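Asks: Chains R and U, in that order, give the protein sequences.
Residue numbering for the first sequence follows our numbering, beginning at 1 and increasing consecutively.
Residue numbering for the second sequence follows our numbering, beginning at 1 and increasing consecutively.
Treat the hints as calculated values from the structure; they're not laboratory data.
Keep in mind the model is a prediction, meaning the values are calculated, not measured.
Beta carbons: idealized from backbone N, C-alpha and C, even for Gly.
Do not take every clue at face value.
Taking lysine-lysine pairs in the DSSO-like style, the calculated list, with each CA pair at most 27 Å apart, reads [what the hints assert, rightly or not]: (1) Lys258(R) x Lys308(U); (2) Lys273(R) x Lys133(U); (3) Lys25(U) x Lys261(R); (4) Lys344(R) x Lys275(U); (5) Lys159(R) x Lys366(R); (6) Lys144(U) x Lys102(U); (7) Lys253(R) x Lys338(U); (8) Lys261(R) x Lys338(U); (9) Lys316(R) x Lys275(U); (10) Lys205(U) x Lys102(U); (11) Lys308(U) x Lys266(R); (12) Lys253(R) x Lys322(U); (13) Lys366(R) x Lys275(U); (14) Lys144(R) x Lys197(R); (15) Lys184(U) x Lys266(R); (16) Lys266(R) x Lys205(U); (17) Lys182(U) x Lys222(U); (18) Lys308(U) x Lys102(U); (19) Lys275(U) x Lys74(R); (20) Lys275(U) x Lys273(R).
According to the in silico footprint, chain R covers these stretches of chain U (three or more CB under 8 Å from chain R) [claimed, not checked]: (21) 204–217; (22) 276–290; (23) 295–308.
Partner residues are not named here, just some residues of chain R that face chain U (Cβ under 7 Å, in silico) [to be verified]: (24) Gly101; (25) Met278; (26) Ser291; (27) Ala315.
Chain by chain, the residues:
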Amino acid sequence: MRANNIIGIIYSNAYDYSLSELTSLRAMSSVPFCSRYRFIDFPLSNFVNCGISKVGIVTKSNYQSLMDHVGNGKAWDLSRKREGLYILPPFHSGVSSENRGRLESLIGIKDFLAASKEEYVLFSDCNIICNYDLKKLFDFHTKKNADITIVYKHGTVPKLRDVMALEHGEDGKISAITTPNENDVADYSTNIILIRKSLLERLINEAVSLHFQSFTMGIIQRNVEKLNMYALECEGFFETVDSLQSYFDVSMKLLDPKNMKLLFDKEHPIYTKDRDDMPAIYGLGSSVHNSLIADGCVIDGTVENSIIFRGARIAKGAHVKNCIIMQNSYISENVKLDCIITDKNVVVKPNNNLAGALTYPVYIGKGITI
Amino acid sequence: MARKKECIAMLLAGGQGSRLGILTKQIAKPAVPYGGKYRIIDFPLSNCVNSGIDTVGVLTQYQPLELNDYIGNGEPWDLDRSNGGVHILSPYQQIEGTQWYKGTANAIFQNINFIDRYDPEYVVVLSGDHIYKMDYSKMLQFHKEKEAACTIAMLEVEWEEASRFGLMFVDESGRITDFEEKPKNPRSNKASMGVYMFTWETLRKYLLEDEANENSSNDFGKDVIPAMHAAGERLFAFPFDGYWKDVGTIDSLWESNLDLLNPRVNLDLTDNDWKIYARNTGAPPHYVSPDALVQNSLVAEGCMIEGKVDFSILFANVTVEKGAVIEDSIIMPGTTVKSGTKVQYAIVAENAVIEENSVVGKRPEEMENLDDWGVAVVGSGITIKSGATVLPKEQVDADREVK
Numbered sequence: 001m002r003a004n005n006i007i008g009i010i011y012s013n014a015y016d017y018s019l020s021e022l023t024s025l026r027a028m029s030s031v032p033f034c035s036r037y038r039f040i041d042f043p044l045s046n047f048v049n050c051g052i053s054k055v056g057i058v059t060k061s062n063y064q065s066l067m068d069h070v071g072n073g074k075a076w077d078l079s080r081k082r083e084g085l086y087i088l089p090p091f092h093s094g095v096s097s098e099n100r101g102r103l104e105s106l107i108g109i110k111d112f113l114a115a116s117k118e119e120y121v122l123f124s125d126c127n128i129i130c131n132y133d134l135k136k137l138f139d140f141h142t143k144k145n146a147d148i149t150i151v152y153k154h155g156t157v158p159k160l161r162d163v164m165a166l167e168h169g170e171d172g173k174i175s176a177i178t179t180p181n182e183n184d185v186a187d188y189s190t191n192i193i194l195i196r197k198s199l200l201e202r203l204i205n206e207a208v209s210l211h212f213q214s215f216t217m218g219i220i221q222r223n224v225e226k227l228n229m230y231a232l233e234c235e236g237f238f239e240t241v242d243s244l245q246s247y248f249d250v251s252m253k254l255l256d257p258k259n260m261k262l263l264f265d266k267e268h269p270i271y272t273k274d275r276d277d278m279p280a281i282y283g284l285g286s287s288v289h290n291s292l293i294a295d296g297c298v299i300d301g302t303v304e305n306s307i308i309f310r311g312a313r314i315a316k317g318a319h320v321k322n323c324i325i326m327q328n329s330y331i332s333e334n335v336k337l338d339c340i341i342t343d344k345n346v347v348v349k350p351n352n353n354l355a356g357a358l359t360y361p362v363y364i365g366k367g368i369t370i
Numbered sequence: 001m002a003r004k005k006e007c008i009a010m011l012l013a014g015g016q017g018s019r020l021g022i023l024t025k026q027i028a029k030p031a032v033p034y035g036g037k038y039r040i041i042d043f044p045l046s047n048c049v050n051s052g053i054d055t056v057g058v059l060t061q062y063q064p065l066e067l068n069d070y071i072g073n074g075e076p077w078d079l080d081r082s083n084g085g086v087h088i089l090s091p092y093q094q095i096e097g098t099q100w101y102k103g104t105a106n107a108i109f110q111n112i113n114f115i116d117r118y119d120p121e122y123v124v125v126l127s128g129d130h131i132y133k134m135d136y137s138k139m140l141q142f143h144k145e146k147e148a149a150c151t152i153a154m155l156e157v158e159w160e161e162a163s164r165f166g167l168m169f170v171d172e173s174g175r176i177t178d179f180e181e182k183p184k185n186p187r188s189n190k191a192s193m194g195v196y197m198f199t200w201e202t203l204r205k206y207l208l209e210d211e212a213n214e215n216s217s218n219d220f221g222k223d224v225i226p227a228m229h230a231a232g233e234r235l236f237a238f239p240f241d242g243y244w245k246d247v248g249t250i251d252s253l254w255e256s257n258l259d260l261l262n263p264r265v266n267l268d269l270t271d272n273d274w275k276i277y278a279r280n281t282g283a284p285p286h287y288v289s290p291d292a293l294v295q296n297s298l299v300a301e302g303c304m305i306e307g308k309v310d311f312s313i314l315f316a317n318v319t320v321e322k323g324a325v326i327e328d329s330i331i332m333p334g335t336t337v338k339s340g341t342k343v344q345y346a347i348v349a350e351n352a353v354i355e356e357n358s359v360v361g362k363r364p365e366e367m368e369n370l371d372d373w374g375v376a377v378v379g380s381g382i383t384i385k386s387g388a389t390v391l392p393k394e395q396v397d398a399d400r401e402v403k
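With the hints as extra help, turn the sequences into a complete structure.
Replies: Quick look at the structure:
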């Protein structure tokens with residue numbers, strides 16, 4: 001399978017509700033992550049690293065910051081004369097409702113799909129943090145002569161709507177798809193799905209004519225017995241974000257250099273928009289332990305077990321522990337923070353003392369001054 | 001035909017930079033890394049684009065591979081333009097034969113055709129080996145107000161240092177009355193910064209004359225500007241009072257890097273209104289381990305620090321293992337410093353490996369004879385084997401075994 005024969009489709013708003021704090025002002029896809037990235041950098045880079053050269057980003061709402069971030073796709077080498085990056089804004093066909101699901105979004109991009117000459121479509125969501133070699137998926141799909149291949153992860157199912165649990169044999173052939181209960185341990189779908197475009201178009205038409213509302217039901221579940229569906233297990237660092245707590249936990253996992261190495265594999269880099277900041281400045285008396293620090297930070301205080309984003313400043317005497325401090329936030333003199341997530345441009349004035357718990361991080365919204 | 005431009009820049013980037021020793025063995029001086037993520041040439045290029053100059057000719061000659069690669073299409077500096085943009089200008093074959101750039105003026109002379117395509121009123125000639133932030137548009141404004149033929153950017157230097165520079169004597173109106181090139185006993189402390197704004201029509205005439213003169217060394221400072229002065233052209237000095245440093249030697253390169261750590265030095269690279277752009281490496285954030293100690297330093301993305309780093313500059317993707325100590329040093333991209341190793345007062349070039357328990361450089365306080373002290377330099381891609389020593393002032397350009 002030629003990678004340039006595949007269109008990548010990213011759902012930029014999928015599961016926005018599960019991370020409502022961080023997505024109140026942005027789409028899931030542009031949630032800041034790991035000092036210098038946004039969620040969408042991961043699917044985009046995974047696509048590009050395996051050779052996909054056409055990517056459509058399906059948007060629904062609040063996609064201003066997403067558009068600002070991806071721009072013309074230059075950072076991912078997707079600013080091209082042929083193919084490249086397509087932002088697909090909501091398309092009102094007259095039948096669309098407020099609560100647009102995946103199926104409805106797909107109907108909205110029917111013309112885009114029809115006009116594409118690529119043979120396959122690969123779907124991905126944005127709340128999945130991984131560095132995944134998709135070539136393995138293509139090879140598997142070809143070898144099994146599959147109609148649809150779904151990448152799954154074994155573990156406790158995420159607390160999201162419409163999660164599919166896959167029942168499959170050792171060879172990966174899916175025999176049944178069920179809806180798991182909360183806290184079940186199962187082989188659940190990561191929503192990375194590969195399908196032939198012509199088949200997808202046919203299934204969409206069928207689902208529409210039969211008045212199906214949901215993608216999982218109308219396209220996938222309904223056809224388990226009719227089609228050749230296969231399941232392939234994910235590899236490496238592969239985490240799903242389904243809540244603020246899991247955002248915090250997945251972030252903190254990256255303080256383990258082993259996980260960093262897996263996620264930021266030098267052969268498969270994760271690309272993001274440049275900011276042209278100068279390197280981080282460590283002042284006299286700064287003390288940093290077990291932390292990730294981006295360019296543009298100025299650190300004069302103490303930082304422990306934390307993730308500091310570009311342009312954040314930690315003043316003298318401040319003590320930041322178990323925190324995620326996003327872009328351009330300013331933590332003033334003698335502030336103590338423990339288990340706090342500050343969004344962009346937060347200012348914490350001197351001598352404040354704020355704490356959450358490792359099992360309950362406290363979120364401070366964008367631009368708030370405390 | 002390109003559209004007309006009011007002012008274009010010509011950036012002299014062909015010098016070998018032999019005083020930088022092994023650091024410029026395989027790269028031209030303007031491509032030498034600086035400040036944790038930049039290369040020297042990022043400063044003039046960013047100054048150009050921030051000053052509204054969108055057409056830059058970069059004159060390359062010595063070891064151009066890495067420099068050409070780095071500049072590419074100019075995209076990191078927003079110089080990928082359909083009209084203008086950055087152009088690499090190397091010496092080329094002509095009907096009369098092939099000529100290397102014989103001197104700074106000859107390099108511009110050989111590219112008269114390039115400049116004429118844009119039919120500019122003014123040409124600013126820059127050099128690729130200085131660290132400074134400067135608004136050339138203010139200099140152009142000054143040049144126009146004075147109706148000058150040539151305006152030279154001028155910096156007041158310390159008297160004791162004045163003898164290292166080309167000096168100028170200036171009257172009350174700012175007009176240059178005389179020059180003095182690196183005199184033993186300086187009578188002026190107004191030094192030329194190597195930034196020249198010319199009225200193109202005038203410069204063009206002098207370049208042709210200079211080329212016809214067989215006795216000329218075809219250099220701006222030595223030939224063209226003195227000739228203009230002798231002919232009574234209006235030469236003015238444009239005063240500049242920010243940070244400016246010629247990083248032409250190992251010592252000045254080392255000093256200028258560490259100036260970034262000195263809060264009293266007037267070179268703010270965090271200023272969003274005058275960013276210095278660079279080609280980014282796209283590395284993940286840097287990681288500082290639980291046992292690491294980092295102070296007074298600049299650390300770029302992609303580094304992995306488990307040892308001690310004090311008063312140093314770490315470029316992208318540097319690894320400092322547990323128990324390693326780096327002090328007063330500059331570690332260029334991709335280098336690994338293994339455990340138990342001490343690096344002090346040193347410059348370690350790109351992708352070097354300093355193995356376990358070795359010693360690179362020494363503190364001046366620990367020297368018996370201060371005359372033997374200097375910054376130690378490890379060349380690019382070199383391995384310093386476990387337990388080996390690199391003495392102060394030494395430059396290592398072959399793998400070093402234990403003696």
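Asks: Decide, hint by hint, whether the structure agrees.
Replies: Here is what the structure says about each hint:
1. At roughly 21 Å between alpha-carbon atoms, lysine 258(R) and lysine 308(U) fall within 27 Å of each other, so this suggested pair holds.
2. Restraint check: the Cα-Cα separation between lysine 273(R) and lysine 133(U) comes to about 25 Å, which is no more than 27 Å; the hinted pair holds.
3. Among the hinted pairs, lysine 25(U) with lysine 261(R) is inconsistent with the structure: their alpha-carbon atoms are about 33 Å apart, more than 27 Å.
4. The hinted pair formed by lysine 344(R) and lysine 275(U) meets the criterion: a straight-line CA distance of about 21 Å does not exceed 27 Å.
5. This hinted pair checks out: lysine 159(R) and lysine 366(R) have alpha carbons roughly 25 Å apart, not beyond 27 Å.
6. With a C-alpha separation of about 30 Å, the suggested pair lysine 144(U) and lysine 102(U) falls outside the 27 Å cut-off, and the hint is violated.
7. A C-alpha spacing of about 25 Å is found between lysine 253(R) and lysine 338(U), which places the hinted pair at or below 27 Å, so the restraint holds.
8. Between lysine 261(R) and lysine 338(U) the CA atoms are separated by roughly 18 Å; this keeps the pair inside 27 Å, and the hint holds.
9. Note on lysine 316(R) and lysine 275(U): the hinted pairing holds, with a Cα-Cα distance of about 25 Å set against a maximum of 27 Å.
10. Straight-line distance between C-alpha atoms of lysine 205(U) and lysine 102(U) comes to about 18 Å, which keeps the hinted pair within the 27 Å bound.
11. Restraint check for lysine 308(U) and lysine 266(R): the C-alpha separation of about 25 Å stays at or below 27 Å, so the hint holds.
12. For the given pair, lysine 253(R) sits about 21 Å from lysine 322(U) by alpha-carbon distance, which is consistent with the 27 Å threshold.
13. With a CA separation close to 25 Å, the supplied pair lysine 366(R) and lysine 275(U) stays within the 27 Å bound.
14. Straight-line distance between C-alpha atoms of lysine 144(R) and lysine 197(R) comes to about 17 Å, which keeps the hinted pair within the 27 Å bound.
15. Taking the CA atoms of lysine 184(U) and lysine 266(R), the gap is about 54 Å. The hint is violated against a cut of 27 Å.
16. Pair hint lysine 266(R) plus lysine 205(U) does not hold up; C-alpha atoms about 54 Å apart against a cutoff of 27 Å.
17. With a C-alpha separation of about 11 Å, the suggested pair lysine 182(U) and lysine 222(U) falls inside the 27 Å cut-off, and the hint holds.
18. Proposed proximity of lysine 308(U) and lysine 102(U) is contradicted: the alpha carbons are some 47 Å apart, above 27 Å.
19. A distance of roughly 20 Å separates the Cα atoms of lysine 275(U) and lysine 74(R); the hinted pair therefore holds under the 27 Å criterion.
20. Taken as a hint, the lysine 275(U) and lysine 273(R) pair is honoured in the structure, with Cα atoms around 16 Å apart against an allowance of 27 Å.
21. By the rule of at least three residues with a Cβ nearer than 8 Å to a Cβ of chain R, the coverage given for the stretch 204–217 of chain U is violated, with 0 such residues.
22. For the stretch 276–290 of chain U, the assignment as covered by chain R holds, since 13 residues bring a beta-carbon within under 8 Å of that chain's beta-carbons and 3 suffice.
23. With 8 residues having a beta carbon nearer than 8 Å to a beta carbon of chain R, the stretch 295–308 of chain U meets the requirement of three or more and the stated coverage holds.
24. A distance limit of 7 Å between C-beta atoms decides the matter here; for glycine 101(R) the minimum to chain U is near 34 Å, and the interface restraint is violated.
25. Nearest Cβ of chain U to the Cβ of methionine 278(R): about 4 Å, under the 7 Å cut. The hint holds.
26. Interface hint status for serine 291(R): upheld, as the beta-carbon distance to the closest one in chain U is roughly 5 Å, under 7 Å.
27. Interface hint status for alanine 315(R): violated, as the beta-carbon distance to the closest one in chain U is roughly 14 Å, over 7 Å.
Comparing the model with each earlier hint shows violations of hints 3, 6, 15, 16, 18, 21, 24 and 27; every other hint is respected.
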